[in-house]
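2 protein chains.
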Amino acid sequence: TKEDFDLAAIYVSDAQYNRNIFFDTSPQAVRLYLLYNHWFLKVLLYFFILVDLSLAVFEEPAVFPLPIWATMLVELLCLLVFTIRLVHYAKVIPRDKFWKDPKNICIIVILMLTLADMIIYGALKATNYYALRWSRVLRPLLLVNVTEGRQLRRAFRSIRNALPQIFYVFLLFMFSVLIFSLMALKLLGKRGLKTIDGAPYFTNYLEIVFDLYVLVTTANSPDVMMPAYNASFLFAIFFIMYILINTYIFMSVFLAVVYNNYKKYLKEEVRQLVRAKRHKMVRAFAVLQEQREEGGGPVVTQANWNQVVRLVQPDISNAHRELLWSVCDDNNQGSIGKVAFVQLADLLNIEVITLKSRPHPFHSVCPAFYLSAPSRLLCRMVQHRAFVIVYDIIILVNAIFIGLDEENPMIANSEWVFLALYLLEILLKLYVFEPRAFFSRHSFWNWFDTIIVISALIATIVNSAMKSSGGYTSRQILDIVFILRVLRLIRVVDSIKRFRTIINTLIRIGPAILTFGQLIIVVYYVFAMVGMELFKGKVKFYEKDSGNPAGAYCGNPLLQGTDFAKLNYCKNNFNNVVSSFILLVELTVVNQWHVLSSGFAAVTHVSARIFFILFHILVVIVIINIFVAFVLEAFFVEY
Amino acid sequence: TKEDFDLAAIYVSDAQYNRNIFFDTSPQAVRLYLLYNHWFLKVLLYFFILVDLSLAVFEEPAVFPLPIWATMLVELLCLLVFTIRLVHYAKVIPRDKFWKDPKNICIIVILMLTLADMIIYGALKATNYYALRWSRVLRPLLLVNVTEGRQLRRAFRSIRNALPQIFYVFLLFMFSVLIFSLMALKLLGKRGLKTIDGAPYFTNYLEIVFDLYVLVTTANSPDVMMPAYNASFLFAIFFIMYILINTYIFMSVFLAVVYNNYKKYLKEEVRQLVRAKRHKMVRAFAVLQEQREEGGGPVVTQANWNQVVRLVQPDISNAHRELLWSVCDDNNQGSIGKVAFVQLADLLNIEVITLKSRPHPFHSVCPAFYLSAPSRLLCRMVQHRAFVIVYDIIILVNAIFIGLDEENPMIANSEWVFLALYLLEILLKLYVFEPRAFFSRHSFWNWFDTIIVISALIATIVNSAMKSSGGYTSRQILDIVFILRVLRLIRVVDSIKRFRTIINTLIRIGPAILTFGQLIIVVYYVFAMVGMELFKGKVKFYEKDSGNPAGAYCGNPLLQGTDFAKLNYCKNNFNNVVSSFILLVELTVVNQWHVLSSGFAAVTHVSARIFFILFHILVVIVIINIFVAFVLEAFFVEY
Ligand code: NA
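Protein sequences appear in the order of chains A and B.
In this text, residue positions in the first sequence follow my numbering: the first is 1, and each later residue adds one.
In this text, residue positions in the second sequence follow my numbering: the first is 1, and each later residue adds one.
There may be inaccurate statements among the hints.
Repeated chains share a single entry, so a pair holds when one copy, or any two copies, can fit it.
[Claimed, not checked] Below, computed lysine-lysine pairings styled on BS3-like, alpha-carbon distance capped at 27 Å:
hint, residue 1, residue 2
1, LYS540, LYS125
2, LYS544, LYS566
3, LYS263, LYS97
4, LYS91, LYS2
5, LYS544, LYS190
6, LYS194, LYS538
7, LYS429, LYS186
8, LYS267, LYS103
9, LYS566, LYS194
10, LYS467, LYS190
11, LYS103, LYS263
12, LYS566, LYS536
13, LYS190, LYS566
14, LYS2, LYS338
15, LYS186, LYS467
16, LYS125, LYS536
Rather than coming from a laboratory, the hints here were simulated on the basis of the structure.
This one's a predicted model, so the numbers in the text were calculated from it and none came from an experiment.
Start from the sequences and build out the full structure, keeping to the hints where you can.
In structure tokens form, the structure reads like this:
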């Protein structure tokens, strides 16, 4: 029946995309489940999550302030969408499964807490009390707990599994830092040394611990050592020992522990995925199976198989489907058993590039012209190795011209020549190669080239039109023109085979980096929300031409004379979500993080450093190491 | 015959220690080869290499200047020793093998070049010309090319094998840096922005390339971005993209490539070692074999086997040797075949900890007392878990007392109490445990404890004796007392099982880190010698109390106003080999390396930066990554 085919198709599709949802098998639930998996609803969901997250841009402290009722209204709409999606999900799977799944409970709790916070906040604001939107830290957790956040949940699980081991190494590492600090206090505290600012050097134990913790991140090397080193070179040995043990050995051990757990966990997850996939395919088989002959096992006929594959992947070509069938039914019996059927999910995931040698349209339209001697010569020239080399040289010459001063009219006009040459290249290639093959899904560089060159053409025309009409040049358009011009040069990389291998590896690990990007956004968002509540408005940035003398100390007298103000870090603040994110990136890069944290400690309290140390431990020691482990593993598999 | 046994013993010993020397098998050569492998000659060789390397301390620019004739005489002595060792080696192995081995040719070339350099240098100095001791960069190569430098050669070979792949990734990375620099020039160069010093921002292409290269190392983050970020937050996106691609992705790819090659190469080397080992054992078998019975294969009798094992390892106990034999001759036939004999080299490498339950000396001397009820109670108390906990608490209390001010007489006296408690602990343990077992080779912490406590006792007594006699306290002795006191606290780590696992792993990778240490010393030494010739005397350090105003700009007016002088980096110079090494460590740590390199560029020429960039590429990108790869691999195997 139609319903059986639907059910089987769902099982196959779930197996193919590694979905792990125990849906209700009643026809109505199956229809709802098909709807639930529709790409449009998924896109809609992520769109509303994005809207919900970007509300931070418009809420106090805002980049673009909006009235409270406006942001609240949008947030209510988001909550409504999430609730509908959840209710839909509840209709799809059995009731007991729904309430046993922690991710559903999480979403319900998040929705309720958010609603409660909005009501409290609104009431307090209406009565002019101080109010805090604390539920904003929960927003990124939606990204983790929606059904589609499978990969992200896996990443968080792998972190959670690594935590106990990381924790023990961390304790040992902190013990080492504390012991070294004690030694530093005893060796250097009584020597009357001074730092470069004339402050007493290494006399306070907690300050030493902080300084030496910063030294682990290398951010205050060699400054922290200089007063002692100036007194005697023997003290340098102390610091070198410290760096060797704590920076090099312990940090490598952290990477080793994270990587080790990551690999172990990954293997376990892959094993489970394979098991679950098999299980689902077996269920699909059970729905479709027929008893063909006496004594033989149950089979699925080619007709039924075709019907299911057509339901699972409507866009698959007949030739491709027949190919898949011939792989499954290798004895040409017209039906396949369980073992052959189970492969289907993996077969569907294999991308078959069908190299159809379609003739060029010109060949069909006017073969006499297209097959004439000059035309064939042209084709051979364009396909020749020399053509690539000529264009590589053109790109290099172009690079030099870009580097030269564009005020020079000769050079400004040369841009048109280069644009024409690049356009010519694309047209020639389109003349030689079949256009649909040229713009196939896997021809990354052809797409790249065409898009960049055509954008550059449009931007350059717009730019010179504006220039010649009003004599006015838009800085933004000029910037875009420059960026496009430079991006064009990247193409040269594709001509060198070794580079292509490396770049292909990097492109292939792209999707997984996307998961990692979500992970980092979740953590950043939480820290940004907390940071904004703790530090908003404490450090202000004044435009240089505002002439306000408070700009020299970021509008906060407590910062006078600090490195933070001296280095002009005023724009590194938590005054809105954008500057918070940029600041968190700077903290991830680690360099000068002690200056940043000491700045915020100066305007609040010394314990503010805890916020920055926590960020360092969580993001740099744990998450960045996961990223490195992940690139390593991807590279070992792909390269 | 005796000679046959010697020959067989050498084969087994070579197999055991993975020596790969094709020595002459004539009796005379075998005797010379035995002598060549004597531990004393090896120690002597390394002693003279050390002397040769440390000559840099006494040569111009010297830490402790010695007249030229003195250092020259010592160096000649060293050269003589190396020559004798080489001649000895030449006598041991066949002539054609000797001349085919690149390491011997290397040593001969090094010796001849050094001699030539010494003669030229001496002649030039005698006639008061400018002279350069360029052959000093060759000295560390001896460490690589002596017969015993096997591990080091392997490390260099693994680097050389990884170089082609690293090179391609590096090219792509540099291409990316150059493209980003071009974009930065176009986007930011014409905006009239100023750096914090008021200099024009991002207007010179080569300066931008340097700045962005430094940004890859994170050393000038976020300073390099601040002028652009202050102009518009959109530019921050440019820098974040740059850091993401070049710092995170490319640096991880470097690690991946290095690690991948390291693993591949290591596997190949291990395979070769196993083959070579087998080959040598087969030759040893061929020397010892006898035809026992008709039709059976050749065998080695237990008597002969015993004789060889006794020659290979004279210190092995009879019980241990019998155990090894019973492993080989598992059928108890009194003789073993080839397959069983080949295992011997690996069996000898297995450390057998013979747990002899020897009675305590007191038990033998006066059993009545040692076995009395109070004595047994004491023993049970010391072995109880609570005893460990009590001493852990004592250590923690001790830590707090150390942290407090030692000027307070109560606290100063408490030190005696703690010392007495620690001594008591050691004595009690010696009372309970058999002393030879307590101080066995594997009881790291017992040795550690005893040495630290006894040294602390001696130092404290010396210190208070000096204090009470002349009222004078030696700062050095006090420093040693402090260090020992703090080191005592480390012992607490051993009580926690999880920590013990991690520390044991670290201790086990110790020997391999030693090889790595030699590698880094070779590279540092070469860079130190070159750096000293390029930069000696350009930057001077003045003691703070000298009152010389030139101290503010390191005695070089060219440094006035530079960050180098402002940050008081004057002691980071190439004026002698010790400060050069410390400076190179600072460069390895990377932070502020751009300030250091710009300082040396200011006092010489901007191209001096090349020296520092080369150091960064070689040491940080290649060697430190090998170190990390190596710790990762060791950790995966051991943990
Ligand atoms: Na740094």
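List of violated hint numbers, smallest to largest: 3 and 7
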